[in-house]
Each structure stands twice: as C-alpha cells, then as structure tokens.
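Visitor: Residue numbers (our numbering), protein chains in the order written: chain A, 7 to 441; chain B, 8 to 211.
When the alpha-carbon atoms are kept at most 25 Å apart in a straight line, the in silico SDA-like pairs for lysine to any residue are as follows:
1. A:K57 x B:P74
2. B:K127 x A:S69
3. A:K223 x A:Q304
Here are a few chain A residues that sit away from chain B, every Cβ distance over 10 Å (derived from the structure):
4. E142
5. F207
6. K266
7. G395
8. D408
Residues on chain A that point at chain B, a partial pick, calculated with CB under 8 Å:
9. H25
10. L31
11. T32
12. H33
13. Q55
14. E56
15. K62
16. H116
17. D122
18. P284
19. K289
20. E290
No lab work stands behind these hints: they were computed from the structure. Just so it is clear, the structure is predicted and the values come from calculations on it, not from any experiment. Beta carbons: idealized from backbone N, C-alpha and C, even for Gly.
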Amino acid sequence: METLTKEKIEKGLAVLNDHHDSKLLTHLNSCVRCGLCAKTCIYYLTDPQEKNIPAKKVDIVSSIYKKYNTFTGKVAPGLVGARTLDEDTVVEMVDLLFGTCTVCGRCVSHCSVGVDISYVIKKGREMLAQMGYIPETLQSTVNAALVSGNNMSISNEDFVETLEWLNEDLQFEVDDNTATIPLNEKGKDLLYTLNPREPKFFPLSISAMAKVFYAAKESWTISTKMYDITNYAYYTNHNEEAKIIAQRLYDEMENMQAKKCILAECGHGSRAFRWEGPNYLQKEYHFDVMTSVELMAQYIREGRIKVDPEKVPQIVTLHDPCNLARTGGIWKEQRYILSKAVKNFVEMTPHGIDNYCCGGGGGQLAMSEYNDRRLKIADIKAEQIRKTGAVIVATPCHNCVDQLTQINITFKLNVQIKTIAEIVADAIVLESKSE
Amino acid sequence: MEWYYWLVFGSLTICLISLLVHFVRLVKLGKPKDYSKQTGNMNAAMKYAFTGSMSPTKKESAFLYLPTYTAGILYHLGTFLAIFLFFLISFHMQIHGWLQWVIVGFLLVSGLSGLGIFIKRLAKSELRGLSNPDDYISNILVTLFQIFTALVIFNPVFLPGYLIETSILLLYLPLGKLKHTIYFFAARYHLGYFFGWRGVWPPQ
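Assemble the whole structure, with the sequences as input and the hints as a guide.
Guide: Dropping the structure here:
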C-alpha cells in the first residue's frame, strides 16, 4: 500500500465535509448498530461473520466522520467508536467497502431505521478514490474507458469489423439484404448504446437487438466513436472520472442529433447515465433517456413488434439487476415482455426490487482479487435459480450475464443465460415480405 | 422547587437546544437537488417511506428477527410513554387506580424488552464486535428511564432518583446514537426522496 500522507488524509476527510444537502449528514448519524441488516446481505448469508454485516461497513465510514466532525468523537472517541483515518483504517476500508459489498442496496430498504447503507458505502469508496486507494484491477477498467473510449479497449477498427459481420448476420437472419445496423447516422430517432462486453464476448446480443429494431422499423443508429454505456467510475466513486465518461455519451448524443438515448441491457450503466449522469454533469438532459427493456415493452404494447411465446417453450426465469430494478424502478417492463414472449415464466423468490444480487455488481467482476468471495456469495443466486427449475435465465444486464455464466459453470446449473433482447429476438414474428 | 427539578429542567433545556441545533443544520443543508428526470410520484413515495415501507411484512429486519423486532417496538413505545409521563410528573400530575397499574405494567414490559436487547448485544459476539460503549450506555439510560418512570408512578419516593436519571439521559441524548430521535425522520425522508424520484417507491 502506498504511504498515507497528510495530504491524502485531508482529501479523504474532505469527502465527509462536502455537503450538497442534508443526505450525507443524515445517513452518517442514523445507524443504531442494531445489526438487523445482517440477513439481508448475500455476504453475511454465505459467510456469517461480523465484518459482513452491512452496518459494519456503515460504521467504518461514520466512525471516521465522528472522529473529525463531532464533539463526542473529538473529546471521547472511545465512547462512540470514533476512528482515526490511518493506514490500518484504510486497509480495512478497502476490504469492507470494495471487497465485501456489491453495493446492491438490498440492505437499504430492509434497514430498521432507513439508513441508505449503499450511499454511505459509496461515500467511503469516494474517500478511498480521493486518497488513491481504489483497487488497481477496478481502476484499470476505468482507465481503459478513459484512454480508449470503452472499458474493453476495443479498437475502432475491430468494433466496426464486428458490426459489419453482425450486419451480414442480421441480413441472413431476417432474410432481407436491405436490413442494416446503421453506424454514425445523424438525426435518427434513437442512439443505441452497448456494453463493450457485447462486441467483445456476446455479439449475438447486438444482433438480437438489431433484429428487434428491424422488426419495429425503428430509426436508429450506433456511434462507433462513443457507444459504451458502462461507467466503472460509478463503482470507484471517482466522480470526476465518472463525469468525463458521462460527458462523452452526452456529447455524442448532441453530435448525433438523436432524439432519444437507448441504454443497452446494463444495470450499472443505466443507472450511471440515466440517474447519476445528470448529477455528475450538474445539468438536466435535453434529450430522453430510456432503457432498451422499456423500449421493447413499448414495441410489444403498441404492436410494433409481434412475439410468439410458442417459440420459447422452455421454462424461463428472470434475474433482476439491482441497479435497474431496486434503484432504477425498472422491474415491471421485463416481466411484461416475458409474459408475452415466453410460454413458461417462473419467478425467483425473492424477486423484483427485493431480488438478491448475482454477486457481480459493485465492480466485483473487475476485481479478480475477490474472485473467491464473488463465487461464494453466488451460492444464493445459484440456489434461487435451481429452485425455479428454469432452463433459461433471462437478465437485462451484461454484467449479470457474465456473473450468471460463471455461476452456471461453478454450480453446474445447466441453464442458458440470455438477455431480454435475445429472448425477444427468439420469439419475434417477422412480417412476411408479401405483406 | 427542589434542586432536582432545576437539574432536570436545565438538562431538558440543554437537550432541546442541542437537538434543535442538529435539526436546524439539517434544514439549512436542505433537500437534494436531482438533475435526473423524475419518473415517480414523490408524495406517494414519502407517504410510503413513513408508513408501508416500515411494515414488519416488508422488512427482513423485522420478520426475520421477530423477537428482537417485537422487543424493539415495545421498547420504543415504552420510551414514548415515559416521555409523555415525564411532563405529567414534572407538573405534579398523578395517576391513580387501574390506569396506574396498566402504565406500570407496560413500562416494566418495555423496560424488560430494553434489557433483553442489551443482553442480546452483549451476548452475541457479532453484535458485541459491532457495538461501542455508546450503544450500551444509551440502552441502559433509556431502560432505566422507563423503570424509574414505573417506580415513580408506583411510589413518589423514587422522584429524586427518577429526575436525576432523566437528567443524565437528557444530557447524554444529543451526544451519542440517541440523537437518531432527529435523524430517523431525516433518514426516512431521504429514502422516500431517493426511491420516490426513480419510481421505485411505492412498489406497485
């Protein structure tokens, strides 16, 4: 660990004094350490020990706050558990706030008081970001996005080549030589974004969405300059870097003169751009932002696309990404889609805004040093899936797809993991050319 | 007026001023400014934040820990009752007959609930590790407040002890976790704001 200098300490502590409103002060002073949040957390459920109680994570941040900002903490630190921000504290903070939390927020709505535990944890992460103690593995993902324009460092040439190949694939799939994946076309109704995992590992999910757009006769385009919906600086809580990444997509929306920005199936990316983005940028968007899940639900509702559930006869269950459902308010749309597009839909228990995290959130997929923990907490999700008897697990998030794929292998679930677009593309009924 | 009345009124004044400082600071810092496009119904979310979301059927912190949750509810109800009775006792109002016994009985139950929570914190290693002296002191002061209230209703001979204990509680309240008296409401407000803005609360 790099030496903790006085300057770094000051930067870290400044985060706790940076009040934009009463939220930070409120949540730093609200936890009563009742410990009743313990069983809401997948880390505690799979490894019941003190450090895995969400309140412990709140405590390490609020104890520092007390030490430097409260009368009791300054005069009698031992009385209220006030802690000095020193190297030991930093090491523990990294372990608790990055290594033992997916920031899924499940503990928040179950907290007996109403402490926004995720918010406090993210403030702690912000302190570590300001002090320069972000895990290198996670920071390297942010750096890749900052340097190359996407978190997978895909070159523009490779990206265009992939899309050209997918274009041919689309034409073959829909049996129409005029079908196209439009690139960099200005003035279209929609600018569609992607999770870079798609061109890199899951190109068929791009084909699937292209097929949906084709069937809906949509006016859309993809920018080859800025298509990355992800924003890993949302996880590091380095807000200046998060702002740079959000600004790029904002600028590209202006450059492409699109009316609406469509967020690909990515939980944290949707949250980072739709909900946090305007706050990073300190301005309201003058364009609409919508997730592709909402858009597909709208297409089905309006009859712009037709789906046949007989085409997807297998048992399908749904995993709700935390950032899309619990903190994004999108959990009815994917259910509406599946109710129309698959024959046998089975819910997990619990589900929706109360769903368990898959274990891949909070930047965990990028932090290989915590791989063992990530797969251990996945036991909960594996059991949830197993109980449904599903053959297909649908999820509107590529991070979740990645984690669920690893869960599938580790826990030998023998299921298929699909995005919602892939399900819709499977179920879609294309108009015959004669019509 | 006896000295212990002066003590308790002085402590009450200090306590109220301290809590007022916390409250004014919260108000001055103000409500969040969110630049994202609101999709939810804020009024409905706020209502839900202070009602439905706290239902024991909605919170795992309640239904997975029913004995602790029940003890906690009784303990808090006992505290509210003891606060109400504090003002009656301070103004020399007396309670007689069956009501006296009902109140004494309830305060003993709520006080025992507080004691139960104290023992749980002490006995469970995870909770012990999570706790600091403030957690134990806060619990003991509030539990004693309820017990002393019961005693003084039962027999006024306990009045000096009751008022001294209450004074200590009032002076300690703004210093530690008991100030959640104020912050609890602010936390519910912010939760309602956050989830309401995004259309998560109230769940439909």
